[in-house]
Amino acid sequence: MSQPKARRGGREARRAQRNRPQKATLPAIVRHLPVLDVLGDEGLEIIEANAETVLAEIGLDFRGDAEVLELWRQAGAEVEGERVRLPRGLAAKLLQTAPGEFTQHARNPRRSVPIGGPNTVFAPVYGPPFVRDLEGGRRYATLGDFENLVKLSYLAPALHHSGGVICEPVDVPVAERHLDILAGHIRLSDKPFMGAVTAPERAADSVAMAELVFGADFVAAHTVLLSLINANSPLVFDATMLGALKTYARANQATIVAPFILSGAMGPVTVAGTLTQVLAEALAGMALTQLVRPGAPVVFGAFASSISMQSGAPTFGTPEPTLVLLAAAQLARRLGVPFRSGGSLSAAKIADAQAAYESAQTLLPALLAGSNFVLHAAGWLEGGLCAGYEKFVLDADQLGMMQVLVNGIDLSPEAQALEAIAEIGPGNHFLGAAHTQAHFESAFWRSHLADNNSFEQWQEEGAQDASQRAFENWQRQLASYQPPPLDPAIDEAVGDFVARRKAELASS
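With this note's numbering, letter number 273 in the sequence shown gets 1604, and the count goes up by one each step, no holes.
Worth flagging that the hints you see were computed from the coordinates, not collected in a lab. Here a beta-carbon is modelled for each residue, glycine too, at the ideal position from N, C-alpha and C. Each hint should be verified, as a subset may be incorrect.
Cβ-Cβ distance ranges computed for the label pairs, FRET-style [what the hints assert, rightly or not]:
1. P1449 with P1744: 23 to 29 Å
2. L1742 with R1469: 29 to 35 Å
3. Q1405 with A1539: 37 to 43 Å
4. G1643 with Q1747: 50 to 56 Å
5. A1603 with L1749: 47 to 53 Å
6. S1639 with G1546: 46 to 52 Å
7. P1418 with R1807: 30 to 36 Å
8. Q1799 with P1504: 46 to 52 Å
9. L1742 with T1601: 40 to 46 Å
10. A1684 with R1807: 22 to 28 Å
Could you put the whole structure together from the sequences, leaning on the hints where they help?
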């Protein structure tokens, strides 16, 4: 009778270990591993020369924004209708005023993150209209789902950033949606967050709400928002993105200028051709921020995926986009600007083996490339159409491993362990060594969700797979969630602003 009881006790202890609150947010990664370069100087010069040819001879369309066209004209570009051709070297010269590294401030100063240099910041999935979990299945995302995912981001130690549109709350009108999203980030987390980009006035609302949190003077002098500006590849920036870019640059807030290329559909099928287009689009967009306001913080973004040549669907974790990512990071370093990449990307529909393999094959290259800001680091499914609850916490668990990996090898005298080797000598084991006893709790990274027990233990505990353990984990996390402190005056000001703007939008 006593043996089963002991096993039950062990089972509950192990389950409690998996679901116990994790330690406080880890600081942004400072990488101690060398980056992986896949192109030598000659190869980089070829891509740079080709990108300059695209800018000078083909040009880009800047649509629906006469002010942008005039800025380019005054800068010396050739403007013909909405087509802009940049003299060779102009974009790179303009970009010299952009900072190589900056800090994005959080309302909790301990959560502020450095963007650029040897630093890597993980942010969650961005933009999916659907969510899924084991109990509710696949469904349109709601504001409740968005708030749940903000809470999980806040609780995840290795997610340094609250992100932006973690999922689209489709139960909220589009015109008002950004207000609830921003209020959710402000109230439910004290990590840094992203601004809205779906209309210039929504970007302006983002800046105004940030001023309520940080103060207008602080926002004017510091970066508190980081926002995603996508090129409409190939070779187009539309009026919506241009309006948001100008709003943030004028407010001295950071933008990520990111071509979004599915090779074979929105760009060439070759790695070199895709890299040329990525660099041309990113150069033009980043240079524009400096025309709007010299010194405005900007990040070189790259999102490139291959497609199935049979179906046209995007594929992830494949070799060619990995090479694009690694080489684009090299190009960003040569320009002296921070670099953004994707993270745990997958075309899988559920958190299965495909999701795990593809996510690993996109996350690890982001680290090896030296990415400074990794978007979609947790929760991405279906090529970005869906945010998965189980996938979210499984990914967040793996981000903790990445944090340890990039610390590199500890070569301190204690880590060299010569005394331990001398203590044990030939033919014995280290389990009882003083060095092992001193370090056994911290020696190795341990997953909160993986099951490393015997088959018998696993079977007795319900034979749960990873998704089932993750389902249990995120539910317990949400049940124990406590919001971070927020000044009641700020909370009231945010609520008043949201109510006022919703009333204005309803009457317009």
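Going through the hints against the structure:
1. P1449 with P1744: 23 to 29 Å: holds, 25 Å
2. L1742 with R1469: 29 to 35 Å: Given about 48 Å between the Cβ atoms, the range is violated.
3. Q1405 with A1539: 37 to 43 Å: Violated: the Cβ-Cβ distance is about 29 Å, outside 37 to 43 Å.
4. G1643 with Q1747: 50 to 56 Å: holds, 54 Å
5. A1603 with L1749: 47 to 53 Å: At 49 Å between Cβs, range holds.
6. S1639 with G1546: 46 to 52 Å: holds, 50 Å
7. P1418 with R1807: 30 to 36 Å: violated, 59 Å
8. Q1799 with P1504: 46 to 52 Å: violated, 36 Å
9. L1742 with T1601: 40 to 46 Å: holds, 42 Å
10. A1684 with R1807: 22 to 28 Å: holds, 25 Å
In summary, the structure is inconsistent with hints 2, 3, 7 and 8 from the numbered list given earlier, while agreeing with the others.
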